[in-house]
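Listed in order, the protein sequences are those of chains A and V. If you count by our numbering, then the first sequence holds residues 1 to 338, one letter each, in order. If you count by our numbering, then the second sequence holds residues 1001 to 1296, one letter each, in order.
Derived from the structure by calculation, the hints contain no laboratory data. For glycine and all other residues, C-beta sits at the position ideal for the given N, C-alpha and C. Treat each hint with caution, since some may be false.
Stated by the list, open to error - Where chain V lies over chain A, by a calculated footprint (3+ residues, C-beta under 8 Å):
1. 92-103
2. 122-136
3. 166-177
4. 323-329
Unchecked claim - The following label-pair restraints were derived from C-beta to C-beta distances:
5. V/Ala1169 - A/Leu180: 35 to 45 Å
6. A/Ile172 - V/Pro1257: 56 to 66 Å
7. A/Ala20 - V/Pro1247: 17 to 27 Å
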Amino acid sequence: MSPAGRLAFVLGVMGVILVAVTALALFVGSAGLSPQAVARALAGRAGAESVESIVTLQLRLPRVVAAVLAGGALAVAGVAFQGLTRNPLAEPAVLGVSSGAAFGVVLAQIFGLELSFLQALGVATFAFAGALMAAAAVYLIAVVPGGLSIQTLLLAGVIVGIFFTSAITVLISVMDYNRLGGVIYWLLGNLAPIPASSLALFAVLALGGCWLILRSARELNLLALGEEAAVQLGVDAVRLKRRVFAAAALLTGSVVAFTGPIGFVGLVVPHMLRGILGQDNRLLVPTALVGGGIFLLAADTLARNIVAPAELSVGVITSFCGAPFFVYLLRTRYRVSL
Amino acid sequence: MIRALGVVLAALTLLIASPAAGLTVRDMLGRDVTLPLPPQRIVSLVPSVSEIIFALGAQDRLVGRTDFCDYPAAVLGKPSVGGMVNPNLETLVTLRPDLVFATDEGNREDTVQQLRRLRIPVYLVHANRIAETVDLIARVGALTGREADVSRVTGDMQRRIEAVRRAVAPFPRRRVLYVLWPDPLIVPGRESMLTELIEVAGGTSITATDGEAYPRFSLETAVARAPEVIILADHSTGASTAGRSAPEKWKRLTSVPAVQAGRLHSADLSILHRYGPRVPEGIETLARFIHPEAFP
């Protein structure tokens, strides 16, 4: 099958799965609505003030959209960072970029910003600034004359991550006991019904970031051959790296701003897809967008229902699923190449 | 005929009870809230407010609570919507509340905004002083149509508080260290009601001018301020020992006057962290710790 045909086929299959998971997410929940009631609400035949309409359209639906966007953005950021560093372990969290964004958001929370539209813009700006700061720090630490040292890059990521985590700890230490619960809850990574205007902002940021990376996918493929080879093939490596770094920071920052730091999505999803599609970033970016959405939506649906009426944080679920899965990948698929 | 009359009566009741007549009130954070008066289906995300609703006899209107609302025992019979930080919105919505009580200390602003977007009226409460607690009880009474019960509850509270004031008045104030959480050391600060409660009970909190409501504190400074009474709040529940202050650890600090005088107390003082009808009970316990000689 040609690459385009394969992409269409895989995207088609994933689309079907996404629709199925979305339906599941819309129909199950602690409110215990009957399927008929949910269908009525979805068809717009339930009163606007009815419980089924509020639960389905105002609680579950925005949360489904947020989960798909956040999962997709994280998976694409994972693809980008892995392509950029030519290392399968690279991921927003591993590179410290999530911690930078989280620091920005905790700072914004201390200033009292929440998730109404204008404030969401403020929080997202803080998160992006934090992510960019972390990414720039990692880049500057790792940059050596004539290129980017991959080993140093990962180490720099770990160090920058630890630094920003400590910075968050400092903020938490001086914070009043009363506000601690809210901030720690946020740090676990949670999806919540986001207001429509903020959701639109999230979509613009996330899809914009994905588009930037998709545009660089061909050059990222060439970079995989090694930096010198890529330069000989006409790739402006320095500009490519800066662009992809910024776009991945934008993706990470927007996800952290709207949901909190959620780990492992950027690691698990791209690796699963590489197993099916190979190393071509032109195929990986669009499929990671859909695949990440499926993964996070499924995880969030689990988080909402597994201990109902209480809720788990979705970040806990992704880590619980992600860590063993990643160990499995390491022990089987990457045994030789690592 | 009788059945027809019943139907008409039921329809009339529905008409009267319909929330068409909304009333706009200002909550304790100065935000305007439009709600049906009196609200018929209240969800309380604040343990103190749940206590107040019961004390006023308005419990029939309470349809939901949090996992932390545990007093009086009867409140456990109401469905819970989860924790204070992460209530389950779906469960909350299915209770069809026409009023939700929340606080800026313990609930998240996010939750408040989410409920507002669902057009569920949210009344924010905030009480850091005894006077504010009395005000809160009056407000809950007015909102639930139990104005007549307010003076019964608050009058009784004020009488008991006055009695403690009189009992400790002849004695010099003692310096008190209140340990809200042992490790890290968290104490009541400037904005905590505990600071006032200690004052009323005949003491002076050595952390009265520090931080916000509940700052983290340095043990060194606490020792240097030479407390004459140390009170350790015991948060351990059942098998869990997290939050249990080990008195032994404090007994080693032999230079501290409180330790020398043997005024080191550890007790379950969850009532002291609520701003409700049990405030006098908390003050009485504190006063006995600070001035045992006043209560022979």
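Results for each hint:
As drawn, the region 92-103 of chain A meets chain V at 0 residues by the rule of a beta-carbon pair under 8 Å; below three, the given contact is violated. With 0 residues carrying a beta carbon less than 8 Å from a beta carbon of chain V, the region 122-136 of chain A misses the three-residue requirement, and the given coverage is violated. Counting residues of the region 166-177 of chain A whose beta carbon lies closer than 8 Å to any beta carbon of chain V gives 4, which meets the minimum of three for the stated coverage. Proximity of the region 323-329 of chain A to chain V, defined as three or more residues with a beta carbon under 8 Å from a beta carbon of that chain, is not established by the 0 residues found.
Against the hinted window of 35 to 45 Å, the Cβ-Cβ separation of V/Ala1169 and A/Leu180 comes to about 38 Å, which satisfies the hint. Range check, A/Ile172 to V/Pro1257: about 33 Å between beta-carbon atoms, so the 56 to 66 Å window is missed. Checked against the given bound of 17 to 27 Å, the beta carbons of A/Ala20 and V/Pro1247, roughly 58 Å apart, lie outside it.
Going through the hint list in order, the structure does not satisfy hints 1, 2, 4, 6 and 7.
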